[in-house]
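Guided by the hints, dock chain B onto chain A, whose structure is given.
So the sequences go chain by chain: A and B.
Take any residue in the first sequence, note its place counting from 1, add 6, and you have its number in my numbering.
Take any residue in the second sequence, note its place counting from 1, add 6, and you have its number in my numbering.
Any given hint could be a false lead.
Because identical chains share one entry, a pair is satisfied inside a single copy or across any pair of copies.
Keeping only pairs whose Cα atoms sit at most 30 Å apart, straight-line, the calculated DSSO-like set for lysine-lysine is [as the list claims (entries may be wrong)]:
#  : residue 1 : residue 2
1  : K210      : K123
2  : K27       : K177
3  : K210      : K189
4  : K13       : K27
5  : K343      : K325
6  : K319      : K343
7  : K343      : K117
8  : K27       : K189
9  : K177      : K409
10 : K319      : K380
11 : K366      : K319
12 : K205      : K27
13 : K409      : K343
14 : K117      : K205
Read the hints as simulated data drawn from the structure, not as lab findings.
2 protein chains.
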Amino acid sequence: MIMKTGKAELICTGSELLEGKLNLYPPLFHARLAPLGFTLAREQSCGDSLADIADCITGALRRADLVLVCGGLGPTFDDLTRQAAARALGRRLVSSRHCAQILALNYGLEKLPPNLKDQALLVEGAKALENANGTAFGEVLTEGRKLLVLLPGPRSEWEPMFGSFLDSEIKDFFKRQPLTQVKLRLAGLGEPKAEALLKPAMRKAPELRYTILAGPGLIDFIIAGSEPAAIKRAAARCRRAAGAAFYGEGDLTLAAAIGGKLAAGGRTLASAESCTGGLVSKLATDVPGSSNWFLGGAVAYSNAAKTRLLGVKAATLKKHGAVSGECAAEMAAGARKVFGCDYAVSVTGIAGPDGGTPDKPVGLVWFGLAGPGKTRVFRREFRGGRDYVRARAANFILDELRKIIK
Amino acid sequence: MIMKTGKAELICTGSELLEGKLNLYPPLFHARLAPLGFTLAREQSCGDSLADIADCITGALRRADLVLVCGGLGPTFDDLTRQAAARALGRRLVSSRHCAQILALNYGLEKLPPNLKDQALLVEGAKALENANGTAFGEVLTEGRKLLVLLPGPRSEWEPMFGSFLDSEIKDFFKRQPLTQVKLRLAGLGEPKAEALLKPAMRKAPELRYTILAGPGLIDFIIAGSEPAAIKRAAARCRRAAGAAFYGEGDLTLAAAIGGKLAAGGRTLASAESCTGGLVSKLATDVPGSSNWFLGGAVAYSNAAKTRLLGVKAATLKKHGAVSGECAAEMAAGARKVFGCDYAVSVTGIAGPDGGTPDKPVGLVWFGLAGPGKTRVFRREFRGGRDYVRARAANFILDELRKIIK
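Excised from the complex, chain A in its bound form:
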C-alpha cells in the first residue's frame, strides 16, 4: 500500500539563514505536516529580497499543493513576504481595518502609526491568522486547488498557530486522509543503538513511515501512517522493544516525565550543578507547574560556593578535587538537605574547551543522585563541544533520576 500523501514545500526567508545561522525549521515543519498527510518535497531558504521570495513562491506553487512561507512579516524594511506573495499571485495588498485595530490594541496605541501600517496589510483574498504570541498576522491564501500559507518567523509565534487553527484550515481545504503519528520519546541511548533495537519492530509494519530524531542523549522516534489501528500496534511493539529507554509520548519532555512521577507521589526535587551551570534546573523549570515538585537548585561553580551552599567538605575538595565522585556525592546529599527535598541530583565535570588534564579530560563528568536510600554516583566521559557535553550531562542525570523514582 502506497501512502497517498500530499506534496508540501517550505520557504524560509531571512538573509541570516544564508549568512551563518542554522535553519532549525525543516524538521519542525516536517513533524507538523506529516500528521496532516503531507510530505515536505522541497525546502528553500532565501534572503530578504522581494524578487527572490516571489520567485521561490512562484516555483513552489507550480510544484506543490501546499506552500508554507516562514518569516518576513515583521514591521521592518527587510520584511517583504506579503509584497512577494502579492507579486507571485498577481494580487494587490489591501489594508485590513480589523487587523489594524487588533495591532493598535497589541501595541497599546490608540491608532496605528505609519511605520506599523504595513503589518495591517493582507494579500487580496487572504484570511488573517491571529498571532497570540506576537504582532505579525499569518495569512492563508487559496489559488485554485492550492494553498499558500504565510507565517511569522519566530517559532514561538508560528508553532502555536498549527494546533489553534492552521491544522483545521489545511484539513478542511484538502480533505485529505490525515496521517496519524505517534512520537515515542527515548532516553539514554544513541541513534545506532536505537535503530538496532527498533528495526525488528519496524520490519513487522513496513508500510508505515519511521523517523529517528537524535538529540544529546535523547531520541524521538516517530511512526506515521494513514491507519490509526496499525500505528497503535506498531507503537506498542516499538515501546516494548525500547524497554526502559522509553519515557513518554508526544511532546512530553524528560523533565516533565520526571515531574509527573514526582507530583504523583507527592515528592520533590532539587539540583546541585557545577559544569552544567543551571541547565538542569532550567530544564526542570521549563515545565509549567514545576513549582509543585521542583524546590530549586544551587549552581556552585566555585569551590567556595560548593562548600558554603552545599556543605561539601574542604577536605574532599582538597583530596579528590571538585570533579570527583566524592564531591558529586556530597553535592547531591548537601542539596537534598538544604532544600529539604526527597531527591537531589548533582553534576560536576569539565565541559571544556579548556581545563582538561590527562587524568581528568575535557568531557569527564561525575554525577550524584541522592534519594531516600543511599546516594549513588556515576562517571561518564562525553565527546563533543562544550554545549553538547553540558546538554548530554543534564539529560544523563535526569534519565538516571527518572529510572529510580518509583
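Chain B only, in chain A's frame:
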C-alpha cells in the same frame, strides 16, 4: 557603488533533510564562500529524485553564477546527482578510465565491478575533483560564464576539497573580490527601535547590505560589503547610533561581554533566580572560562529555598509576596553575601502560563541588582509565552548589569 559579490546557490540532496534531519551545511558553505567573494543567495534541500535534483540545478543555474550541489554521488540506487546534472545541462555521462583506475585502487581491486561503475561516470566536460577521504569524485563543470560544482555529501569529504583545490578553481574562474562582514550586537531594544536608531547611518552607505536579527531583548545587526574600509566606517557610525545598546561585535554573547568587563576588573558575579529557574546562570556558564568571574547561583523556586539559601525574610514574603521588589532586593543582596561576590542579580516573576492574578499578571517580573553601591530593583511586564518571558527576563537583567559595571 553596487557590491561586486558573486551570487552562489547551494543545493543539498537527501530525503532525510526533509524528514527530520537538521541541515548543518548552509552555515558551513557560507563560511567557505564569503572569503571567495560569493554570497549564498539561495539554498534548496530536495529529496533523492532525479527530476527534483535536475529541476533544482536548472533553476539555480538560471539565477546564480556559482552552483554547488552537495550529496548524491555515492554508489547506491538513490545517488542520482550525476544523472540530474547531465539532464539539467543536456549532456551525456561518460565513463572516465582515469577515475575507474583510481576507484579500483581505492577499493583495493584489480578492476572496477559493475555495481561501482557509476562512480566512474563524469558529466561530459567535467573536471574530476579527487576525494582524499572517500570514494566519490567531485565534479567541476563550466556552462558559459557559470560554474557548477558537484560534491560528495559527507562533510569530511567535501570540506577538505575547498582548501586543497576548489578555492583556487573558483578564484581562477571568477577572478572576484572577497566579501567582508561585521556583526554588531545590541541589547535592551526591540526591532522597530533598533531600525529607527540605525536607519540614518544605513542611509549614509546604501551600497552595503544590512540585516537585523531580533532575539528576546537582543538584536544582531550585520553589515556586509566588498570594501573593508567602507564596512569599518559604517560599523563605527552604527555603533555610535546604537549608543549604550551596543555591547560587542561578532559572536560575543551578552554574558561574555559582562564576563570580559568583570574579569578585567577582577570582579565576580552570582545569581539568584526564581522564575528564570537557572537560565541566568546557564547563560553565564555558557561562556568558556566563566569560572574566573561567575561564582554560582541559587535557583530558589520555593519560598523555603528563598529563605534558607538567600536569607529572604519570612516577613517580606508574607507581606509583599515572592514576586515583589522587596523580595527581589533581598534575593540579590542575599546572593551577594552568600557567594561573597561583587555583583549579584536576582529575578522573581510569573512566567506563566498559570499563576497570574489581576494584581500580578503573567509576564510580571521583578529584578534586583546588588553591587558595591545600593541594591537596585526593576519592574517589567513582558508579553509572550513562558519561554519568551524567561529568556527576555534573563537578558534584561544581564543587560542592566552590563550597564552598571565600570
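Now for the hints, and whether the structure bears them out:
no., hint, result
1, K210 x K123, "between (57 Å within a copy, 25 Å between copies)"
2, K27 x K177, "between (32 Å within a copy, 25 Å between copies)"
3, K210 x K189, "within (18 Å within a copy, 52 Å between copies)"
4, K13 x K27, "both (27 Å within a copy, 18 Å between copies)"
5, K343 x K325, "both (23 Å within a copy, 27 Å between copies)"
6, K319 x K343, "both (14 Å within a copy, 20 Å between copies)"
7, K343 x K117, "neither (56 Å within a copy, 49 Å between copies)"
8, K27 x K189, "both (28 Å within a copy, 13 Å between copies)"
9, K177 x K409, "neither (40 Å within a copy, 51 Å between copies)"
10, K319 x K380, "within (18 Å within a copy, 33 Å between copies)"
11, K366 x K319, "within (21 Å within a copy, 42 Å between copies)"
12, K205 x K27, "between (34 Å within a copy, 19 Å between copies)"
13, K409 x K343, "within (22 Å within a copy, 37 Å between copies)"
14, K117 x K205, "between (60 Å within a copy, 24 Å between copies)"
When held up to the earlier numbered hints, the structure conflicts with 7, 9 and fits the remainder.
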